[in-house]
Amino acid sequence: MTRRLRAAGALLSLVILLQGCAVHLVADYDQQSEDRLITSYEKICRFYDDLSSATPEARAYEGFRERYPEIDTDLRVLLLRQKVRAKNDESVQITAKILEAWEVTRDRHARYSIDPDRANDPYPESLIRFDRAQFDAHFQAAVAAERAKK
Amino acid sequence: MEWKEVWAEAIGAAERDVSAHVPDAVRFVKGIAAARESRLLLLLEAMADGALDQEAIEEELNEERAILESEFLAVRVMAKKAAQDAANALIGTIQKALVAGISLPV
Numbered sequence: 000m001t002r003r004l005r006a007a008g009a010l011l012s013l014v015i016l017l018q019g020c021a022v023h024l025v026a027d028y029d030q031q032s033e034d035r036l037i038t039s040y041e042k043i044c045r046f047y048d049d050l051s052s053a054t055p056e057a058r059a060y061e062g063f064r065e066r067y068p069e070i071d072t073d074l075r076v077l078l079l080r081q082k083v084r085a086k087n088d089e090s091v092q093i094t095a096k097i098l099e100a101w102e103v104t105r106d107r108h109a110r111y112s113i114d115p116d117r118a119n120d121p122y123p124e125s126l127i128r129f130d131r132a133q134f135d136a137h138f139q140a141a142v143a144a145e146r147a148k149k
Numbered sequence: 000m001e002w003k004e005v006w007a008e009a010i011g012a013a014e015r016d017v018s019a020h021v022p023d024a025v026r027f028v029k030g031i032a033a034a035r036e037s038r039l040l041l042l043l044e045a046m047a048d049g050a051l052d053q054e055a056i057e058e059e060l061n062e063e064r065a066i067l068e069s070e071f072l073a074v075r076v077m078a079k080k081a082a083q084d085a086a087n088a089l090i091g092t093i094q095k096a097l098v099a100g101i102s103l104p105v
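From first to last, the protein sequence lines stand for chains A and B. Under numbering that gives the first Met the number 0, think of the first position of the first sequence as 0, with each following residue one higher. Under numbering that gives the first Met the number 0, think of the first position of the second sequence as 0, with each following residue one higher.
Don't take every hint at face value.
Calculated pairs, DSBU-like style, for lysine-lysine (alpha carbon to alpha carbon, straight line, at most 30 Å) [unchecked claim]:
hint: 1; chain 1: A; residue 1: K42; chain 2: A; residue 2: K82
hint: 2; chain 1: A; residue 1: K96; chain 2: B; residue 2: K79
hint: 3; chain 1: A; residue 1: K149; chain 2: B; residue 2: K95
hint: 4; chain 1: A; residue 1: K149; chain 2: A; residue 2: K86
hint: 5; chain 1: A; residue 1: K96; chain 2: A; residue 2: K42
hint: 6; chain 1: A; residue 1: K86; chain 2: B; residue 2: K95
hint: 7; chain 1: B; residue 1: K29; chain 2: B; residue 2: K79
hint: 8; chain 1: A; residue 1: K96; chain 2: A; residue 2: K86
hint: 9; chain 1: A; residue 1: K149; chain 2: B; residue 2: K79
hint: 10; chain 1: B; residue 1: K95; chain 2: B; residue 2: K79
hint: 11; chain 1: A; residue 1: K82; chain 2: A; residue 2: K149
hint: 12; chain 1: A; residue 1: K42; chain 2: B; residue 2: K29
hint: 13; chain 1: B; residue 1: K95; chain 2: B; residue 2: K3
hint: 14; chain 1: A; residue 1: K149; chain 2: A; residue 2: K42
hint: 15; chain 1: B; residue 1: K3; chain 2: A; residue 2: K86
hint: 16; chain 1: B; residue 1: K29; chain 2: A; residue 2: K96
hint: 17; chain 1: A; residue 1: K96; chain 2: B; residue 2: K95
hint: 18; chain 1: A; residue 1: K42; chain 2: A; residue 2: K86
hint: 19; chain 1: A; residue 1: K96; chain 2: A; residue 2: K82
hint: 20; chain 1: A; residue 1: K96; chain 2: A; residue 2: K149
hint: 21; chain 1: A; residue 1: K86; chain 2: B; residue 2: K79
hint: 22; chain 1: B; residue 1: K79; chain 2: A; residue 2: K82
hint: 23; chain 1: B; residue 1: K79; chain 2: B; residue 2: K3
The set of hints was computed from the structure by calculation and includes no laboratory data. Since we're looking at a predicted model, the values are computed, not measured.
Start from the sequences, fold in the hints, and give me the full structure.
See below:
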């Protein structure tokens, strides 16, 4: 009888313990983060579409300089959103890498545009295709990480 | 219900949760491998085109490293979520059985 009472007590304790025992290893899925990622990706796609359809000499940084800070701001806002979410280290790192890649791209575009050897085509088509593919990969990783949290 | 049955059911629930996440992760890894191969060809094309100076080549190679890190960070999220769902399925099954009443092996 005592043994059964002990077992019942152990069972009750176990039920109580398990109630507060949900495992939480990653942040909950956030629809707004995914929407913002898609919006930023759209803007980068449009940027490369416009760059690609411009004539080589019209691809100079000056003609596109206003587009950079707009996308930069979107990515910074997204990074802040990722940072304030608990257990979200991976998405913070992925977003930070996208922002860094965008800044490197901007700096190179500006540098090539003032280089006399490159002034007639500061952003060649082959580089547009490669950079676009890199941003595709960055965003695919970011969206996959967010969707995995569903 | 016997404790052994509950435990087997809990393990089964955890396994089902892990299995449900595996196809997405496999698809993602296959996709990133194929995309990497295409990008390598694009990089070679850009280099042959003279589109990159030495500084830019280094930047692009750094970026490729960053992409690889991001892709595996995404895989890590998938693995963590699978582990989270499996652990919660296991706990949930045991909890339900405890509330419903089970026979302990004592």
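Against the structure, the hints come out as follows:
Restraint check for K42(A) and K82(A): the C-alpha separation of about 22 Å stays at or below 30 Å, so the hint holds. At most 30 Å may separate the alpha-carbon atoms for a hinted pair to count; K96(A) and K79(B) meet this at roughly 21 Å. With a C-alpha separation of about 23 Å, the suggested pairing of K149(A) with K95(B) holds against the 30 Å cut-off. With a C-alpha separation of about 14 Å, the suggested pair K149(A) and K86(A) falls inside the 30 Å cut-off, and the hint holds.
For the given pair, K96(A) sits about 17 Å from K42(A) by alpha-carbon distance, which is consistent with the 30 Å threshold. At most 30 Å may separate the alpha-carbon atoms for a hinted pair to count; K86(A) and K95(B) meet this at roughly 28 Å. Between K29(B) and K79(B) the alpha-carbon distance is near 19 Å, which keeps this suggested pair within the 30 Å criterion. Taking the CA atoms of K96(A) and K86(A), the gap is near 18 Å; set against the 30 Å cutoff, the hint holds.
Annotation: proposed proximity of K149(A) to K79(B) holds, straight-line Cα distance about 12 Å (limit 30 Å). Under the criterion of a C-alpha separation no larger than 30 Å, the hint pairing K95(B) with K79(B) is consistent with the structure, at around 24 Å. Proposed proximity of K82(A) and K149(A) is supported: the alpha carbons are some 18 Å apart, at most 30 Å. Restraint check for K42(A) and K29(B): satisfied, since their Cα atoms lie roughly 27 Å apart, inside the 30 Å limit.
Of the pairs offered as hints, the one joining K95(B) and K3(B) holds, with about 14 Å between alpha carbons and a cut-off of 30 Å not exceeded. Pair hint K149(A) plus K42(A) holds up; C-alpha atoms about 25 Å apart against a cutoff of 30 Å. The suggested pairing of K3(B) with K86(A) is violated, with an alpha-carbon distance near 34 Å, which exceeds 30 Å. For the hint pairing K29(B) with K96(A), the CA-to-CA distance comes to about 22 Å; that is within 30 Å, so the pair holds.
Using a Cα cut-off of 30 Å, the hinted pair K96(A) and K95(B) is violated, with the two alpha carbons roughly 43 Å apart. For the hint pairing K42(A) with K86(A), the CA-to-CA distance comes to about 28 Å; that is within 30 Å, so the pair holds. As the CA atoms of K96(A) and K82(A) are separated by approximately 13 Å, the hinted pair is consistent with the 30 Å bound. Annotation: proposed proximity of K96(A) to K149(A) holds, straight-line Cα distance about 23 Å (limit 30 Å).
Simply put, K86(A) and K79(B) have alpha-carbon atoms about 11 Å apart, close enough for the 30 Å limit, and the pair holds. Proposed proximity of K79(B) and K82(A) is supported: the alpha carbons are some 18 Å apart, at most 30 Å. Between the alpha carbons of K79(B) and K3(B) the distance comes to roughly 28 Å, so the proposed pair stays at or under 30 Å and holds.
Hints 15 and 17 from the list above are not met by this structure, while the remaining hints are.
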